[in-house]
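The task is to assemble the complex, starting from two chains supplied on their own in separate frames and drawing on the hints.
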Amino acid sequence: MFRKKNTAGVDSDAIREILDEKKTKMKLSLKACAHCTLCAESCFLFMGRDKDPKYMPSYKFINSIGVLYKNKGNVDKLDLGEIRDIVWERCVLCTRCYCPMGIDIPEMIALARRVCRSQGVYPRYDQE
Amino acid sequence: MELSNILSGTCVYDFVRGPLVWISFIIFILGTIFQVFRLLSLTRVEETVKLKSGPGSFLPKRSEKEKTDWGLRARLSIFGVNPFLIVVTTLFHVLLVIMPIFVLGHNILLDNAFGISLFAFPEKTADVLTQIVIICAMIFLYRRLFVDRVKAITDWKDYLFLLLAAAPFITGYFAFHQTFSEHYRLIITLHILSGELMLMAIPFTKFIHMFYLVIIRLTVKSEYSLGQGDRVW
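If you read the protein sequences in the order shown, they are chains A and B. FYI, the numbering for the first sequence is 1 to 128, going by the working numbering. FYI, the numbering for the second sequence is 1001 to 1233, going by the working numbering.
Treat the hints as calculated values from the structure; they're not laboratory data. No residue lacks a Cβ here, since even glycine has one placed at the ideal position from N, Cα and C. Treat the hints loosely; a few may be bogus.
Negatives, chain B to chain A, calculated, CB over 10 Å [to be verified]: (1) Cys1011; (2) Lys1052; (3) Val1087; (4) Ile1139; (5) Phe1180.
List of simulated lysine-lysine pairs, DSS-like, C-alpha gap at most 25 Å [to be verified]: (6) Lys77/A with Lys22/A; (7) Lys27/A with Lys1052/B; (8) Lys23/A with Lys1157/B.
This is chain B alone, in the form it adopts within the complex (with noise of 0.2 Å):
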């Protein structure tokens, strides 16, 4: 028996929508909590000593200007630096958050199991986006596969991940547009699966960057941080 039709028999395609779902959420909200508390627990609170200044003020003060001007703060930040890769990576990483939860498809299912649902984009839009997360993903493929920098830190891990994140957008794109209509049941299989495994990876693989990103940057005193962190290491 070929794979494709034991993915989309019967037994797999009621396993993924059914308890897989479910075990899936679990697995994603059980393990967040656990490293959420993990990393809050590597670093501690520290009361932060305002030194007074002496004669003479040798620290040179921010400007209003810099405050208050958002171009010149976005050019000091990384925007500065790399303001293509800082527009792909932002669109990306909103989108493939916020997309599962406003599609349409997402909502009805949400609607019929429970009776609720959230605002939904018009369909036309949730295409539209799907494509910008497809490209966005597409770029970072070429990055890794072309420019030497990414090169000489990729290992196959990174390929595995870009993938995991990618499919349940291009099974999505393909399941709404009815590409492959006759093998519909298998892109809907795969739709699904691709995005429990995602969901179950987030918490214990390279996906904790996710975590890592919120709770570091915004936590944590350091001359990069985000906000106003009184914890440190």
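Okay, chain A solo, but in the shape it has when bound (with noise of 0.2 Å):
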């Protein structure tokens, strides 16, 4: 669980200056999401794998954007790692999903692809 962050190679002032740019509506929306689940149905990629929770797209922000605003941008290349896989291979940013509040969920994916790919972490389709 709280394991020792190694830092290098990450630019958390950078990290935070994305971040920032969006600080009110992002922390508004993190805030305003009542954890109900009712997102989950509306993702077709949580349907076409057995309903696997980690595919809910409340799950996908809380995970992503959520651990970055929490931490302040402070992460290393480990949950950038983490964070890579959630917002490129589980969410294909279709626009889809149904938010019950109005959560704008694909900005979030957007705003956590963008603070991976400033800090070099997305995927290399050509390498892998």
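Dropping the structure here:
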């Protein structure tokens, strides 16, 4: 749970700069999520992966952009690697997710992608 | 001195039914105004450009049946996906808002204080409705504890706020039925205190989904917007 972070190779200030741009909207949206899970069925990947909770839109934004804001950008390559798997492997940004509150989930995922990309963490389809 | 003794003491009792009522209402109202303007400032009005369809119609038109058949509309909405949870959540949230306003005891207090009172539910009805709220809260608790997908994103705050939302109803139920009559003062103090804490928490905590839902779903243009929103993020 609480492992020591090795922040080598990660520019936390640059991450914070990106996070600060949308801070109000993102923090309000994270707060407004009632963890109700009504978004689950709107995700075709959730439906296609045997209803695995890891594919729920709320799970995906809480564990990507939510983690980034919670740690105020102080994350290491391991964290970013996990976020990369969530925001690229488990979301295709089809933008069809439903939220009863109207939370803009695609923008949250897109912002997490932007943070990862700024740190050189993204899928390299030519190498993998 | 035990906590229960402190809570049921005259000093605390007078504070929660006196100044704290005003403090909580002021925090709730000012906090609400602040957050509503904050949410609106995050979005802006954008003119909708109506495109004329060219030769041949590519966009499927909504059929008349889809517009007027409410059963079909319900099935196509989130109600069709998860009908049980939608019924539970609707009952819970609607009652959570209207019960405190229309319960007889509260209206008697209003009448004593200001000489005004609103329509009040008969006591039997209010009792049943309170039980419905408590049952709904228990269903939410069950989901948090045992349903995989809910468990996956539940943290301690979810339990805390569920408890905070249900506490005024549970204590109100006990107070009405005089369940712990020897501790009546304690129960009623907890009832008032939990209601006030909830009121103060609404604008600044997870309870903010109350305004978020109304403002964002009603005013922002999106696939799932309710009504004719003309704002964008």
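Note to self: Of the numbered hints stated earlier in the document, which are not met by this structure?
What the structure shows: 7
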